[in-house]
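J.: So the chains spell out like this:
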Amino acid sequence: MKQTIKHLAVAVLLFSTVIIACKKTDTSIDTSNNGTFKVYTEGNVTTVQNLMADTILGINPITFQPYGSGKFTFFNLATGQIVANSDSATNKWDIGFRGTTIITNNGTSGPGLGGAFVQVGLFNEVAKVATDSIIRIDNAPNFAIKIGSNKGWYVYDGPNNLITPIPGRVLVIKTATEKYAKVEIINYYKGGVTPAATASDAVKLSQQRYFSFRYTYQASGSTTF
Amino acid sequence: MQKKYFSFLFFLLISQSIFGQIDSLFNNLNEIVVTATRTERKLGNIAVPVSIITEKNIKQAASLRLNDILNEQVGLFLTSGFGVGVQMQGLNPDYTLILLNGEPLIGRNAGVLDLNRITVGNIQKIEIVKGPSSSLYGSEAMAGVINIITKQPKENKVETNIRYGTYNTSDATLNISQKIGNLSLQYFVNNYSTNGFSIRPHSVERTVSPIWRFTNQLQLNYPLHNKTKLTVLARYNFENINNKIAVTNTGNTTYSDGFEQHKDFNLNTVLTHQFNKNISSNVRLYHAQFNSIQDLKAASTKNYFDYFLQNFYRVENQTEFILSSKNIINIGAGYLFENVRSSRYDDINNTKKNTVGYLFVQDEFKPSEKLNIFAGFRFDNNQNYASAFSPKLAINYNPNKKISINASVGRGFKAPDFRQLYLNFTNTAAGSYSVFGALEAQAQVLKLDQLGQIQSYESDFYNLSFLKPEFSTGINIGTKINLTTTSYLNINLFRNDVENLIDNRLIANYKNGSQIFSYLNVKNAFTKGIEINYGIKVAKYYTISSGYQFLLTGDKQQIESIKNGLIFTKDINGIARKMELSEYYGLPNRSRNMANLKLLFESKYFFINTRIIYRDKWAVADKDGNGVYNTNDEFANGFLQLNFSIGNQFKNGFGIQTGCDNITNYSDINNLPNMLGRNFYLSINYQITKNKKQNETNN
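Line order of the protein sequences matches chains A and B.
Numbering-wise (my numbering), the first sequence opens with residue 1 and increments by one.
Numbering-wise (my numbering), the second sequence opens with residue 1 and increments by one.
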């Protein structure tokens, strides 16, 4: 009897050690801003929250594709303000957002002298625009910041129907008036919070196309940030 | 939470406390196995890790389908998606060969052979060989081999078992063994049906759909001569699954109704001849056919129809030469022909074919009583892809009768399958992307380009080439120890390095922005770990056995990228930061820790069996979008599963058994879609043996 209990105790102890050793801890995400458009600057870094980029109005009953108004939301990096859609053919805007498409003021997108490219690295570590950089021009449907999963700034998780910015992708932007800026896209969903993989498609659709990003703008025209 | 489990467990233990004297020993080193060497050898003389599941293990766990019993084995991780597959030593279901009496079962979907298709009602034992075994079995035997050995006709015997349980699940089995003159016959029939179940009680869709399965098997053994034996085995398996699917879009729900049917047929003829006391040989003729049909009707849209027909024919000879008491050589050669016709390829009427010719040699050298050396190789010459050479060397050393030490190194391979060669699929429902098999991709894309549909080519388009088989090099080092007459300890360390893994890659883009994919040999990965099994008979009727596996996996290119500082993750605010190698979690869908514990009380007629299965968390989604799985990503929760059964066999041939699986009713709808909720069952069996005294239990 004693012998048995001893063996059992050892076996159960071993088993439970394995289980306890594998317990994990969870982290939580800051959700203080729940959906209002907000711009604030700290030092030389400006953060933009909840920039609505053609949010979804409904779903096409034939193609099942979600649709919005089809219009870009334009943004001026120097002023940190949204530019009216009617000013699309001017140099007032530097960067435009519509769903996952990000355009810059140049080529087929606008009259400006801008351009862009995507650099692999950390926002803080992109110190200057390298002299040998090739600044790409929009030529729809090929944009300077490539559209498509894992090609430009985001990856699309098909099974879970979620868009996630790829960490370590810095968008180097040449503005309409040939100034430089670096941009890091932080989140694609309302309030800066990606819905859980288990959330319903209705939630995933209604919460998407709200950009959170941060940037540094170099007003002097210098290529150093 | 865990406290609750354990107090319950102790309750079970104490309620089972009937102690006696320790008697019999685990004689597992003398067990005869066939799968490891393709010859009958004692387990203690085998140089690779082998585990055996006996008929008794299956009965006491009250398993119905093959996945039920494999789920309770340490180191085997069941996967969902395209049926239930088994992951062995951290390698996907595609890389484990599944044999029925030594012959391969066919009918894989996306690389997975659905284990639910196989009933366990006529199984005598299951042998599981871990580590690459392509030197004997060729393609698919990369992670290992699972060989299902069905009951052999022995004595005149009738056995039947009827079971009923939760979800209106019924299972009925009949086994008849009969001798008619020199002819021995074994007939088996099984009927299984279930209403399935739903985790969301008011939903039309069933988590597990209503299923009907039917299996029929007949084996005939006939001695043509005292040195020549003929065996014929025929098996037919049918399953019908009712599908009801509801898709809701903007508040409108579309219902689809349909079915899925799988038919499986196998015919195997084996002729064995003993030429003299040193030379024996067998010829095996094997045919297998698998047919799958899926038909879904929706009120508004077009029918979804899928058809798949696979035929497999093989002829093989294996001859054993006993050269001396120290040296035995086995030589085998064979030819196989395979064809497939499917709606998933370019044209349902086009039959795709493949042929393979192969040769294998295995030498078993015994320089002393304590040492066994196995050296061998196999060469497979394929029609549709590059040939494969698979060598293996294994050493077994027995310093004394209690300890057996093994070391083996071998190459395994998996041939590209028909899907990877010929698939021609365009998903019109989701984004109109296309996937083309490697043999057809270039021609298809060029044709589309002529039609003006191609926007651009990706660099991988130019990398498309004759697919190579996926290769692995596996090392296993382990020991089997009989600690005392009533306890054992098995330890095995393993490492598998996989090269040329086939993965899909973007090769071109349509003008409308949709993408075209094909298959290329692009990835290199590894899996490594340790497996420990321990068992002890603590009292006359009392056995405890437990197992544990620790597993690490990784993609070599990903590790290289992390080391080069090219992979980033996000901090709590969504800001990118560098990812450390220590955060890397390896391949998805793998648990680092797995364990099981089995407590068995067993007297001659009565048993109580409690099993606890533990699985650590596993990565399921790349939440931070960096393309690798790291500690920041989404994981499925680790869980405990608790199964319990109790049974009694009466002297008049009747037996009764009842139990409950998944006692804690654990569920995880997203990550464990095939896991049944708490379910109870009751089964009654009856067996009658002629010419021998009745009530022989657990043959």
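There may be inaccurate statements among the hints.
Distance condition first, Cα-Cα at most 30 Å in a straight line; then the derived DSBU-like pairs of lysine-lysine [as the list claims (entries may be wrong)]:
1. A:Lys179 - B:Lys578
2. B:Lys556 - A:Lys151
3. B:Lys511 - A:Lys71
4. B:Lys227 - B:Lys151
5. B:Lys227 - A:Lys146
6. B:Lys151 - A:Lys146
7. A:Lys204 - B:Lys151
Bear in mind the hints are in silico, worked out from the structure with no lab data behind them.
J.: Look at each hint and say if it fits the structure.
T.: Verification of the supplied hints:
Taking the CA atoms of Lys179 of chain A and Lys578 of chain B, the gap is near 28 Å; set against the 30 Å cutoff, the hint holds. The straight-line distance between the Cα atoms of Lys556 of chain B and Lys151 of chain A is roughly 22 Å, inside the 30 Å bound, and the hint therefore holds. Using a Cα cut-off of 30 Å, the hinted pair Lys511 of chain B and Lys71 of chain A holds, with the two alpha carbons roughly 22 Å apart. The straight-line distance between the Cα atoms of Lys227 of chain B and Lys151 of chain B is roughly 22 Å, inside the 30 Å bound, and the hint therefore holds.
For a cut-off of 30 Å, the pair hint linking Lys227 of chain B to Lys146 of chain A is broken: about 73 Å separates their Cα positions. Restraint check for Lys151 of chain B and Lys146 of chain A: the C-alpha separation of about 61 Å exceeds 30 Å, so the hint is violated. Between Lys204 of chain A and Lys151 of chain B, the direct Cα distance comes to roughly 53 Å. Violation of the 30 Å bound is thereby established for this hinted pair.
In this structure, the earlier hints numbered 5, 6, 7 are contradicted, and the remaining ones agree with it.
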